[in-house]
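Asks: One letter stands for each residue in the lines below.
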Amino acid sequence: MEAEDPTLAHLIDQVNGAREARASLDIRGGDTKRFYGEPAVGAPIKTTVLSGITSYEPTELVVTARAGTRLSELEAALEEQGQCLPFEPPHFGAEGTVGGMVAAGLSGPARASVGSVRDHVLGMTVLNGLGEVLTFGGQVAKNVAGYDVSRLMVGSLGILGLICEVSLKVLPVSVATATLRFDWDEDRALKQLKGWASHPLPISASAWQAGQLHVRLSGARAAVAAACQKLGGERVEAGRAREWWTGLQDQSDTFFLLDDARSARGESLWRISVPATFGPIKFPGNQLIEWHGAQRWWRTAAEPELIREVAARASGHATLMRGADKSAGVFSPLSGVLMRVHHRLKAAFDPARIFNPGRLYGGL
Amino acid sequence: MSNSGRSDLLADSSWEQRQREVVAALTGALPREAILYRLEDTVPFECDGLTAYRVAPMVVVLPDSELQVSAILKICHEMRVPVVARGAGTGLSGGATPHRSGIILSLAKFNKILKVDPASCTAIVQCGVRNLAISEAAAPFGLYYAPDPSSQIACTIGGNVAENSGGVHCLKYGLTLHNVLRVRGFMVDGEPVEFGSQALDAPGLDLLSIVVGSEGMLAVTTEVTVKLIPKPLLARCIMASFGDIESAGAAVASVIARGIIPAGLEMMDKAMTAAVEAFVHADYDLEAAAILLCESDGTPEEVEEEIVRMEEVLRAAGASRFEVSRDEAQRLKFWSGRKNAFPASGGISADYMCMDSTIPRKRLAEMLREIQRMEVKYRLRCVNVFHAGDGNLHPLILFDADDADQLRRCELFGADILETSVRLGGTVTGEHGVGMEKLNSMCVQFSAAERAQFLGVKQAFDPLELLNPGKVIPTLHRCAEYGKMHVRRGMLPFPELPRF
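Quick note, the sequences are listed as chains A and B, same order. Numbered by my numbering, the letters in the first sequence go through residues 12 to 375 in order. Numbered by my numbering, the letters in the second sequence go through residues 13 to 512 in order.
Treat the hints as calculated values from the structure; they're not laboratory data. Be careful, since some hints might not be right.
Stated by the list, open to error - Here are the in silico distance ranges between beta carbons for each label pair: (1) A:Arg192 to B:Ala461: 52 to 62 angstroms; (2) A:Asp42 to B:Arg338: 56 to 66 angstroms; (3) B:Lys121 to A:Gly206: 28 to 38 angstroms; (4) A:Asp198 to B:Ser348: 47 to 57 angstroms.
As the list claims (entries may be wrong) - As a list, the in silico DMTMM-like pairs of lysine to aspartate or glutamate whose alpha-carbon atoms are at most 25 angstroms apart: (5) B:Lys184 to A:Glu86; (6) B:Lys374 to A:Glu86; (7) B:Lys184 to A:Glu90; (8) B:Lys239 to A:Asp130.
Every residue gets a Cβ at the ideal spot worked out from N, C-alpha and C, and that includes glycine.
With the rest of the complex left out, here is chain B (with noise of 0.2 angstroms):
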């Protein structure tokens, strides 16, 4: 077991000693103002956006100057508190969940862009820097940054680089390690350490790969050089109806079978689409067994002559209704139910719980047949929505969490997900990260030496164990347990954002 494993075990009362210990020595490191320790201070602080899983941190520290981040870290080190590094909290897996006998390392204070350099088209800024902020501060030089995980407005970059986000334009653009150069931060003994480098590659092994996407697991990230580039001069957006899901996830197949890779390829089934309708208005069509959203964009000429081809391919793969957007406002509308997906999914549920895996493109329309046979078996409805192009699914159970045999049902049918998804050669996890949510499905996916050498990897850049323990990398006793995510009476942290 671990260090931090050990600290849980503590009694109140030595709780209340530890933490008096902890803040005296933190006193030392950073104004009195940037330490919270008072209940009703760290409260605020006791979930990210898997708000199932709820802890009060220790305490709670603001940082403002990397000194001050590399003191934090070496105080904690010194004694043996677990860091959890936090930014804007709206990660969806449990991954900025606190540790009852550790801190929380806000880095909310970490927002200024550094730099943006249109000549090498790179952007340098401090981690805790909101993902869309970088795109607004490149815009006038007709740059932008890529990922755009939907949370956008409000997740940092900092975030981004833990989880490796995503978003609706990776399938041509690419995740987030695709277009991050270089990570500046901390090891967890406060020393500091730089992954990557301003130029293409770096020399040694490629710790940037580990790093992104490690989880706030085996550094602390306080500056992060992004790649921008050049903005589209053209967006434009088919929406295609399809009369049965076997001809919609044929048509995904056949676009990227014709050399076609889109900048958007989305699908919605029928029930998701008549919830999205009701909330948006968009004119949706309500008959179609799914919808597919195929978006290409690039110079007026590329776009042209690709709006062409996808055309003849969705046509080909029976397409029952067509359109193609004729300007922005149209194309905004096209997207304006997806983008809503979850926001309305609350308006037809109490609860609803949403899954995140990915499976090879050409299942998806056996996984859609899974999900309803599932639907019959637990009793439950689902409705779904898929970054095709990737075969990302986020299926969305809905449920009424009052109801103790739903609840029940519901964690099942989501497991079920996640294991038929790893049988039809998928993942756990597309996009929303591990975290506390899905350790129990770790289990299903790797043996318990892949498990091994993943704590090995952890305790190489953290030997004791002490950032962000107890994520990622499930206990042995942990693998009879089933994750949860779910969403009380449509209710996130983050109401107003779109999730998908």
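Next up, chain A with everything else stripped away, as it sits in the complex (with noise of 0.2 angstroms):
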């Protein structure tokens, strides 16, 4: 993508107006992530006359697109050729752009099984604070020529500079898919997650909520069949499975719903990310467990304070995900050292503070 291009010229030029009048700039896709993270602050800087996908060839496993692409429309291109985006990405409006997806780097159900959104990131050409376009990584998977600056961009959330482009490795759809339930505790449902980890099973996904546990299972139909087999349990109907799972990649799940009557009794959505090995955490309120027990979702009124206790008691972190009130900050603080390395980082990107300023930790 070259700086020539006219609807980026235009952007270059709010940037460096911005950079100029020391101004404030607010990132914005598709606008269906303004709930997460930090409040956004700043002048709208849209992404979304940057779309269409560039180049898609199935044979190289990658696809090109321009940040203010829709997701959906990304997510057909690659149904039609039997591919997929295989980290799952959350949908949170028909809006969503590929640009804000990756700037939250925020995953679905397989993540566990097959990767991240930062793991398919393979370049990005980025817009940064001083007005230049810079292309890092490629379309290749294999390139370790330089510092991997496009999946330094994976959940930044658009504090160091603007996506313009953003080229991922994509996967071929699985032949076969089934998906088991069996009734469990969560006790009994960690352990077996445990036990079934060190197997060579095509397990692609699991989620523990309300005594039961949902394990999917991809890959060769032989494969799948004999796991089936393995595993036992109840097998779902693949319709109804669909939704289930959908329902947990989109956060569309009523657990994920704040209502009125729920947000009435002070509850927020938390985010706890922990080693998958770690047992039962509790809180008062509502559990569902993902990623074999790495993702533990808690819609509780608990306060924050224990919440980040547990977590990093855990050796892991919490993430307020929804909730009304965000004064306990969104994401887990960080040690003075890694603190003191993102406002370098910040400062050699963004060195006049246009970008998002705060979205990610105040001060940033």
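Two chains, two separate frames, one set of hints: put the complex together.
Replies: As structure tokens, this is what we get:
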């Protein structure tokens, strides 16, 4: 992608203007993830002007799309070729964009088995705070030329620059898939997941909630059939299974919903990321466990300090995904040394602090 | 110019004075026998796998605890001494080439596997643990560490983190980054730091992503948490011959197009096949223009299903000879030539220069044609092995370094390959790293603004540029020079290691 591109040139002007005026810019794609992260400030700068799939060749397992391309458009193009984004990014609305997916860095149910958004980013073109258009990485999977800056952008919530274009590794859709259900309590489910982890089983997702464990198997027909036989449980009908996993992927399942009643009880939605083998975590409220135990969702009114303390004790961290009161901070605090590096990186990419100031952490 | 650059200008007498001061300061931090500074002691550290660059370091230190590492870094930071961390020294791009006025921080003594946890499928290991040793320790639990660079019997996990090492199986199982959860280490000033976490992600910017592959320029790694995966129950390999390189290249694309991700997908051209056949006698097809090795692994059911599909695709793509390994012995025989490509090349030429670039898979045949044209243009032969599944090329240019004109033509040939790779949509280094070797090629691939941004990242971690200075990011005046890696008489520091 070249700086001479007219739509890009307009964005560069906006960035240069903001820098000169010492103003802030609030990077917006489809505006579907406003709820995520610390509050946004500044004048909107829209990435949706950068739209469209730039190149896609299924045999290369690589797709390149401009940041403002709708995620649904990208996924439809992949589906036509029997391919997919293996990390199953959440959709928070039809307008969600590729740039937003990358900037938020959120992955879905398959993450523990196939890797995250970050793992599938191969290259990126970024507009930094100096108005420079920079390209890092590329369209090939093996590439160690220079620091892996494109992957640093994943989950950065736009604080380092505006993502213009992204190249992603894609994979074929699994030939076969099956979902099994087990009526197990949390303890037994976690133990069983731990036991399965060290065996060559084609488990592509797992989720435990309210006494039920769902396990999804994906892969070669024979492998899925053999695993179904080995694991037992009750086979879930394909349509219902798809609905279940989509509800988790898009966080549209009623579990994730913070309606008036739940909010009135002071509940917030927390994502607690811990080593999968950590034992059961108890708070008042409701829990949903994904990623074979590595992602524990809690809808709870528990004190943020307590939640963070428990997560830290488990060698993990806790993110306040949704909640009316964000005064405790959305993300777990960083060590002093890491925060210093964050400040210096911000200064290196965006010295005038134009982009999404404070969206990740205050002061950044 | 950075501090470290200035120290290059030290005259001999002041260099010796400086050396005495640095040694004296370090003596407070670690035992005398862990500090080497006499030339006869420091010479073994004068180069890594890129033997063309040799510099005796001012001092070599061999700490055995994190406390010592921290103390060494603090001292060097206060005294503004460049620090080059070193694992096994098997790197091929000069990432561990010493700095004349700096120390080599050898992490060889950090060789303990701290924990193998089959329940979480992770291992916590010190940075100096050899790559293969991790898999060996995990084997009793039916697990292994997936990235398998061909120097895996010698190279260390700390070095793998520095280089983001790949291997034959990374098409299916990913690079080092995809198989590492957490890196513990020290900042340039000796402060302890952790990147990533024991969980699947960490708060804040994904610093693990830039630390992995940073070639020792951002922090010093002392401990790594790696992911382990269940060992496949079975692996089988198909060896297929093709009458022309276009159909071999098309076959690679067809395999992927059919939704198959092979555990390994490798290609050798005719000249390479002849060289390795003479070396290993594995009954390779000497008539073929190109040979593909296509591997399937998994449960017996998966492998059986996948091999059938692979066979269909390869036959439809025009394979002229076709064989599926019957057992493990035959599978290893298929691989023996591929794994010995480098030593076999040493057997047919006085010297060879190994290139390492990546291009989109679909350009493989085009690239081979380009290389054939270059053979005529530069009047030198080139044999080719490819990680075809990844589009990662390792052309070996054959030459005689005693002939100055051949050396010159070889360097031009190599630069032409790298520039062609960039033009075809690829990159100048797929897995060997930039180090010293590819500094010039970085100018071809990245603009001045992009290189300045790399420098900004470097300075965010290491404001004084003391960690491995002079690597990866070329200065403007360097951009005129040509990189090189040449192997003298087939001799690398570890001639027994396969390198591809």
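Asks: Report the numbers of all earlier hints that the structure fails to satisfy, in ascending order.
Replies: Nothing - there is no hint that the structure violates, so all of them hold.
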